[in-house]
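Protein chains in written order, with this note's numbering: chain C, 1 to 144; chain G, 145 to 288; chain Y, 289 to 432; chain U, 433 to 576.
Calculated from the structure, these hints are not laboratory results. It is possible that some hints are incorrect.
Claimed, not checked - To give an idea of the chain U side of the interface with chain Y (calculated C-beta under 8 Å), a few residues:
| id | residue |
| --- | --- |
| 1 | R450 |
| 2 | K452 |
| 3 | D477 |
| 4 | Q481 |
| 5 | H487 |
| 6 | G488 |
| 7 | G492 |
| 8 | M493 |
| 9 | D496 |
| 10 | E517 |
| 11 | K519 |
| 12 | N521 |
| 13 | I537 |
| 14 | R574 |
| 15 | P575 |
Claimed, not checked - Simulated restraints on C-beta separations:
| id | chain 1 | residue 1 | chain 2 | residue 2 | range |
| --- | --- | --- | --- | --- | --- |
| 16 | G | A221 | C | T110 | 45 to 51 Å |
| 17 | U | E465 | G | T174 | 46 to 52 Å |
| 18 | Y | R394 | G | T167 | 28 to 34 Å |
Claimed, not checked - Here are the simulated BS3-like pairs of lysine-lysine, each with C-alpha atoms no more than 27 Å apart in a straight line:
| id | chain 1 | residue 1 | chain 2 | residue 2 |
| --- | --- | --- | --- | --- |
| 19 | U | K483 | Y | K391 |
| 20 | U | K483 | Y | K308 |
| 21 | Y | K308 | U | K452 |
| 22 | C | K20 | G | K195 |
| 23 | C | K103 | G | K247 |
| 24 | U | K452 | Y | K339 |
| 25 | Y | K339 | U | K483 |
| 26 | U | K535 | C | K103 |
| 27 | C | K20 | G | K164 |
| 28 | C | K51 | G | K247 |
| 29 | G | K195 | C | K51 |
| 30 | G | K247 | Y | K391 |
It should be emphasised that the depicted structure is a prediction, and the values quoted were computed from it without experimental measurement. For every residue, glycine included, the Cβ atom is placed at its ideal position computed from N, Cα and C.
Protein chains: 4
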Amino acid sequence: MNAPDPNFAARIRESFGRQKAMTLIGATLTSVEAGEVEIALPYRDELTQQKGFVHGGILGMIADSACGYAAFSLMPAGGSLVTVEYKMNILAPARTSLRAIGKVIRAGRTLTVARGEVYAQDGTHVATMQQTLMALPDRPDRPE
Amino acid sequence: MNAPDPNFAARIRESFGRQKAMTLIGATLTSVEAGEVEIALPYRDELTQQKGFVHGGILGMIADSACGYAAFSLMPAGGSLVTVEYKMNILAPARTSLRAIGKVIRAGRTLTVARGEVYAQDGTHVATMQQTLMALPDRPDRPE
Amino acid sequence: MNAPDPNFAARIRESFGRQKAMTLIGATLTSVEAGEVEIALPYRDELTQQKGFVHGGILGMIADSACGYAAFSLMPAGGSLVTVEYKMNILAPARTSLRAIGKVIRAGRTLTVARGEVYAQDGTHVATMQQTLMALPDRPDRPE
Amino acid sequence: MNAPDPNFAARIRESFGRQKAMTLIGATLTSVEAGEVEIALPYRDELTQQKGFVHGGILGMIADSACGYAAFSLMPAGGSLVTVEYKMNILAPARTSLRAIGKVIRAGRTLTVARGEVYAQDGTHVATMQQTLMALPDRPDRPE
Chain C
1 MNAPDPNFAA RIRESFGRQK AMTLIGATLT SVEAGEVEIA LPYRDELTQQ KGFVHGGILG
61 MIADSACGYA AFSLMPAGGS LVTVEYKMNI LAPARTSLRA IGKVIRAGRT LTVARGEVYA
121 QDGTHVATMQ QTLMALPDRP DRPE
Chain G
145 MNAPDPNFAA RIRESFGRQK AMTLIGATLT SVEAGEVEIA LPYRDELTQQ KGFVHGGILG
205 MIADSACGYA AFSLMPAGGS LVTVEYKMNI LAPARTSLRA IGKVIRAGRT LTVARGEVYA
265 QDGTHVATMQ QTLMALPDRP DRPE
Chain Y
289 MNAPDPNFAA RIRESFGRQK AMTLIGATLT SVEAGEVEIA LPYRDELTQQ KGFVHGGILG
349 MIADSACGYA AFSLMPAGGS LVTVEYKMNI LAPARTSLRA IGKVIRAGRT LTVARGEVYA
409 QDGTHVATMQ QTLMALPDRP DRPE
Chain U
433 MNAPDPNFAA RIRESFGRQK AMTLIGATLT SVEAGEVEIA LPYRDELTQQ KGFVHGGILG
493 MIADSACGYA AFSLMPAGGS LVTVEYKMNI LAPARTSLRA IGKVIRAGRT LTVARGEVYA
553 QDGTHVATMQ QTLMALPDRP DRPE
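Chain C on its own, in the form it takes in the complex (with noise of 0.2 Å):
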């Protein structure tokens, strides 16, 4: 395996830049470390669902790119990554802005293990991820 690339916080900012999904739901990237990664997402209305909760598929979508960001922090530069995977739990409902942090628990050449925690303003653990995520060493971070 070729060495992780210095430059992964540039990269990682990049790449979240270019997730429009990620724009749609206000998530910004507020931390990236390596294997380490913190996405913020404020509160609004229109990301709840029928009972005025966060729907638990947002929660799932930062967490998902938490973890991602984190493994994808300790790849060499010009490869990409994709989820094989998640199981989250739902903790506690939230209706408040959130944070989700991804860490990675271990990285292989081809898989890595992430685990994402999110929580709520007031420190209440709202949910608990566990991914799976594939190393694509020749395919490039963007549209192909």
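Given the structure of chain C, go ahead and fit chains G, Y and U onto it with the hints provided.
The following block gives chains G, Y and U in isolation, referenced to the frame of chain C:
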């Protein structure tokens, strides 16, 4: 357990209409049967990730809502449901309109297990979800 | 990708015979088709948890092996597979002989997704599993 | 919710002693704290799959029991628990004695979410599990 609500379809259409997150992404309810619900999602650039495919979290959103309403269709009127957890495998990238079909695998008094399948317009199997939901028989399906 | 092995059934029976953990619990291979494998587990007291039901991890063992060999049946000869992850819902407690059926949902070059269902003797649906496996085309299916 | 049982450790040791499946594989309870339980599994050939590694389902068994008893440690006396579902990633193959540590992530009145980690003797992180359990406050933790 009380009998399922014969008016479940109207109840679900009304509840779905209050899922602002579904409006945000442009999803619509296309079929409501007892134990099986279908949601359609027309393709839009705003739903994509950095490689131009529909974001994995968006796939999760429509599968989550389809499974949830499939479970809801078998519940007595007056109560509500929460998603306990879900696990989704992404089987193929998608750059097309999608439909998600949620089906109940087992409906228990407290817990229901459902499965969601997401398909592309050409029939490609895009994602498969396994989900657990919990009934809240005494809590209304609206903001409290 | 090379063609699947026409002798997959013999290869799987031989490999299953080397799964000492299956011998320990008394599981046998009852059906091997391309993309679908069935394992039978006669009831024994030794398989139970504290309430007298078959241990949830035992349900996982037979579903895991059934899914793994279903995936293996579609692979070229000479390689091997590893389980990446699995997720299982337990739908009903079981105090009876069981059978686990694994089926391939999607067979990719590197990753395969399979589903496992566990049934009791009276047909009760006991558990449902969603699993991801990774092909190791250059690694033999035996101790190295 | 009633108070947790101060005698939880004795209650868990007694319950674990009735898990015949743990006896079958040779697992023992090595630590019981409130919300955290550890199980040890000495290596034996009988636990392996076809490549000579401990079977993935065996990893699941010890993680499942460790998580379940971690959840049980926080429950009032007199009730019992069932595993609703679990999801496990296998991070590394293991041909060694193992220990599984289960910890409660969130203990609710009805549902508890726990995490299980499996480690090899040399400290290698072998597997990670996310699990959901349901309390049955009126059902005893023994055969009925």
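> Can we keep the M493/U interface hint, with Cβ of chain Y closer than 8 Å?
Replying inline: holds (3 Å)
>> Just to be careful, I want the Cα atoms of K483/U and K308/Y compared with a cutoff of 27 Å; is the pair within it?
In response: The given pair, whose Cα atoms are some 10 Å apart, holds under the 27 Å limit.
> Going straight from one Cα to the other, do K103/C and K247/G come out at no more than 27 Å?
Replying inline: Between K103/C and K247/G the Cα gap is close to 33 Å, so the pair fails against 27 Å, i.e. violated.
>> Next item in the hint list is Q481/U. Is there a CB on chain Y closer than 8 Å to its CB?
In response: holds (5 Å)
> Going straight from one Cα to the other, do K339/Y and K483/U come out at no more than 27 Å?
Replying inline: Answer violated: K339/Y to K483/U is near 33 Å, above 27 Å.
> Does K519/U pass the interface hint, meaning its C-beta sits closer than 8 Å to a C-beta of chain Y?
Replying inline: holds (4 Å)
>> Would the hint linking K452/U and K339/Y be met if the CA-CA limit is 27 Å?
In response: holds (10 Å)
> Is the hinted pair K20/C and K164/G satisfied, with a Cα-Cα distance of at most 27 Å?
Replying inline: holds (18 Å)
> Are the Cα positions of K308/Y and K452/U separated by 27 Å at most?
Replying inline: OK: K308/Y and K452/U at ~18 Å, within 27 Å.
> Does H487/U pass the interface hint, meaning its C-beta sits closer than 8 Å to a C-beta of chain Y?
Replying inline: Nearest chain Y Cβ about 4 Å off; hint holds.
>> Interface hint check: G492/U, Cβ to nearest Cβ on chain Y, cutoff 8 Å. Holds or violated?
In response: OK, holds: G492/U within 8 Å of chain Y, min 4 Å.
> Falls inside 46 to 52 Å, the C-beta gap from E465/U to T174/G?
Replying inline: holds (51 Å)
Against the hints set out earlier in the document, violations occur for numbers 13, 23, 25 and 29.
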